[in-house]
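Spelled out from the first residue to the last, the chains are:
2 protein chains.
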Amino acid sequence: MSSTDLARAYANSHAEQFREQLLDLIRIPSVSTEPQRAGDVRRAAEYLKADLLAAGVERAEILPTGGHPVVYAEWLKAGPNSKTVLIYGHYDVQPAEMADGWTSDPFVPVIRDNVIYARGASDDKGQAFIHAKVVESYLKGAGSAPVNIKVLYEGEEEIASVNLKAFIEANLDLLKADVVVISDTGMIDPDQPAVCVGVRGLTYMQIDVQAANIDLHSGQFGGIVHNPALALAQIIARFHDEDNHVTVPGFYDDVVMLTPTEREALKATDIPAERLKAETGIPEAWGEAGYTLRERIGTRPTLEINGLLSGWTGEGSKTVLPAKAMAKVSCRLVANQDPQKIYELVRDFVAEVAPAGVRVKVSLLSSGEAASMDINDPAMRAVARAYERGWGKAPIYLREGGSIPVVADFRKLLGVPVLLMGYGLNTDGPHGPDEHYSLAMFHRGIDTAIIFLEEISR
Amino acid sequence: MSSTDLARAYANSHAEQFREQLLDLIRIPSVSTEPQRAGDVRRAAEYLKADLLAAGVERAEILPTGGHPVVYAEWLKAGPNSKTVLIYGHYDVQPAEMADGWTSDPFVPVIRDNVIYARGASDDKGQAFIHAKVVESYLKGAGSAPVNIKVLYEGEEEIASVNLKAFIEANLDLLKADVVVISDTGMIDPDQPAVCVGVRGLTYMQIDVQAANIDLHSGQFGGIVHNPALALAQIIARFHDEDNHVTVPGFYDDVVMLTPTEREALKATDIPAERLKAETGIPEAWGEAGYTLRERIGTRPTLEINGLLSGWTGEGSKTVLPAKAMAKVSCRLVANQDPQKIYELVRDFVAEVAPAGVRVKVSLLSSGEAASMDINDPAMRAVARAYERGWGKAPIYLREGGSIPVVADFRKLLGVPVLLMGYGLNTDGPHGPDEHYSLAMFHRGIDTAIIFLEEISR
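Taken in order, these protein sequences are the chains called P and C.
Under our numbering, the first residue of the first sequence is numbered 1, with each subsequent residue one higher.
Under our numbering, the first residue of the second sequence is numbered 1, with each subsequent residue one higher.
Rather than coming from a laboratory, the hints here were simulated on the basis of the structure.
Be aware that a few hints might be false.
Copies of one chain are not kept apart here, so a pair can be met inside one copy or by any two copies together.
Here are the simulated lysine to any residue pairs, SDA-like style, with alpha carbons at most 20 angstroms apart [stated by the list, open to error]:
hint	residue 1	residue 2
1	K393	D348
2	K361	E315
3	K165	G316
4	K412	T103
5	K361	T313
6	K176	R59
7	K393	D241
8	K140	E58
9	K361	E284
10	K361	G316
Construct the complete structure from the given sequences, taking the supplied hints into account.
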């Protein structure tokens, strides 16, 4: 038997162990955006380091960054004449609370109908852990792997990888590889493998509007002092025109338009409006006129309101005229939009449309660049062969609506292809309540990822 | 010495005791809108009942309503040939938390520069307690009062007196009086007494916008699912035109326009924009074109946003596409606007302008009618004489921006004049952080309120 066959057999016979280990990892509430969770974030890193050491890597360490640490591991015994694969994933997760609408505690994973329900089950613990188990399957099942392996698990992806770029820059030799593999994207259908060939960039901002210095009585001052909640709504309502185009001047200037051929190809993967309505419960689909639903999420930039806060938000009535109002606003960007430039355009637009009776500030909270991949690259063809053997079907190529800022960083700094082999499903509900991950996807993912290391080694 | 002189002397020599008792009352966090405070609300009622009994009333009881109870007390020994004055005040307060920007704990009153800082100090515990001390000054200082006295303290004014109308209807005999006195309004200047001759009505609503059933990933669904926070902002931005007129069709239909003479008279009390800016910190005054600042808050209806909530409102970034967005919206109304009709107009307008991609609901949370008073009524002339003697100056007549729903109810149900003798200052900051009340106003208020009972008895 080849080392790949031995690794596949090992993964098959250790499925239950893999699953239990994943549940242990998920139980650690490694929410990177909440300062009081820093200890939990570190615990998740410790868990992965110990797991990789037990799998048989030569080296596994927790390395500091300017924020939450990274886990780095390597097994280089395939030798200098073999290729080196750098695997990237993230062990931090989005915030989650029962009050957001979860059916069960987001950090107590439960399995219903062969699906794990928990925060991070899909994004990205489930998908990242696939690769730890690939390493274990090769090193314990076969005693070796067909390529050199480096693993980099990050703890700040959900806060826009704020320190990762500096870490890569400072460790170019350590991270040197022939290809980078990331599993943090989704398929439309469990039987149709999909490879992501484009991720959007991100500019995440906060708008703060202030009128009076303190909250006032709405009867005494309402009507003579501008209401910051009203002013904020008036500003936000200016962001889109009637066709739902973003009105910020210059917003679309650097957008690379798809060719007619590319648009034609995307039609095959379009999202039927009826299915979207059934899946989400919305009365009507929404979006930018002149583009299909698939184009809107994959190829067009957007401007979203992620949060609003002002005044009285409890039960019942409080006749307050708030002093302040706040909105979280983010733009998903496509190649070649520059996140910093988009921030400046939005900031200037807001200053321009802000009413005279309020003071307005727009702050940049985080950002990341967009990236796209070439489907004719040899590494991408190895990806296709891996899916054909492992999943039984050639993959389709998708542009992802989400953002993985590190993709552009790896491409630029390491100068190698970045392969987005996602083993999630678009319906996993990452970032929302009842995030879940199918155990079938987890195990099929391990199998295909094992085969991929053989295909990329050729 | 007359009974009035004896009462004034008693009040003067018991000033410190009165002050300490007021602080004790303020320490009870009787926040009527918070269900977990129901016990505190009742404690405040118990405190007032005990205080009035100790003052020497014939009867003081806590009477149930559909919600928080009322305190009722009476002293009727002036006899059937004397007038009866019904005093109304409220012992419940607005919510308050340090996080709102308070300098010190809102429920631990502190005195700085002869001013009490605490929630309810002015609205309305300080002003309501004036009358309890007037009763005590007469009954303990003089052994009698020149009029029969009834006292009604309510515990639900800050939640729009939701049960008081029914209580009055069910107790018309108990509450029968020749005049009603309310102290829950403010003066512009401590040396210029002011009587309120108009209060605005109120329609308080909540707008709920929902798109998807659950929060979604903004990268996966942003751009194809309408964002409810955006939709809410788009709805709110439709409420006013460029001149800040409310655009809801029919909104102004029942507004009684002031006569040119009335408008001319109001000019004397106009608010200089520079003073408003200095007092509140706003960069520019705001409001409906064509009206002075005084007219805008006293004589024109308004539509205010009292609260906004959607999605992620914590620190940093969360790329959520929220399922829901909520706004608290209230209208201040003038005579003859009907609060229920205004609710229906706003509800229908919102349904009309709501985007197709979201579901919208507008709920009525509370309401109250506007009212205005005749300055030539004999009771109002007694008010003027009381201020001339007690304060040393004839009062000016103001229209209040705020709402006291019970004013219209008393007028309609008891058929007698309702006198708004406010002993607060407009700068007391009710409903906001660092609400405060001047001890000088408290003691001058007691003195003038003692004199008023003599003047109204004539």
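Under a CA distance limit of 20 angstroms, which applies to K361 and E315: within one copy, between copies, both, or neither?
-> between (29 angstroms within a copy, 16 angstroms between copies)
Tell me, please, which holds for K361 and E284 at an alpha-carbon limit of 20 angstroms: within, between, both or neither?
-> So K361 and E284 pass the 20 angstroms test across copies only (17 angstroms; inside, 33 angstroms).
Copy assignment of K361 with G316, given that the CA separation must stay at most 20 angstroms = between (30 angstroms within a copy, 15 angstroms between copies)
For the identical chains here, do K165 and G316 meet the 20 angstroms Cα criterion within one copy, between copies, both, or neither?
-> Answer is between; shortest inter-copy Cα gap is 19 angstroms, intra-copy 47 angstroms.
20 angstroms Cα threshold - placement of T313 relative to K361 = Close across copies (16 angstroms), not inside one copy (22 angstroms); limit 20 angstroms.
Is it within a copy, between copies, both, or neither that the alpha carbon of K393 lies no farther than 20 angstroms from that of D241?
-> For K393 and D241, the Cα distance exceeds 20 angstroms both inside one copy (42 angstroms) and across copies (58 angstroms).
Intra/inter-copy verdict for K140 and E58 if alpha-carbon distance must be at most 20 angstroms | within (13 angstroms within a copy, 91 angstroms between copies)
For K176 vs R59, is the C-alpha pair at or below 20 angstroms within one copy, between two copies, both, or neither?
-> Only inside one copy: K176 and R59 sit 16 angstroms apart there, 89 angstroms across copies, limit 20 angstroms.
Homomeric proximity label, K412 with T103: Cα distance no greater than 20 angstroms = neither (42 angstroms within a copy, 51 angstroms between copies)
Alpha-carbon proximity between K393 and D348, which holds within one copy, between copies, both or neither at 20 angstroms | Neither, since 49 angstroms and 53 angstroms both go past 20 angstroms.
Of the numbered hints stated above, those contradicted by the structure are hints 1, 4 and 7, listed in ascending order.
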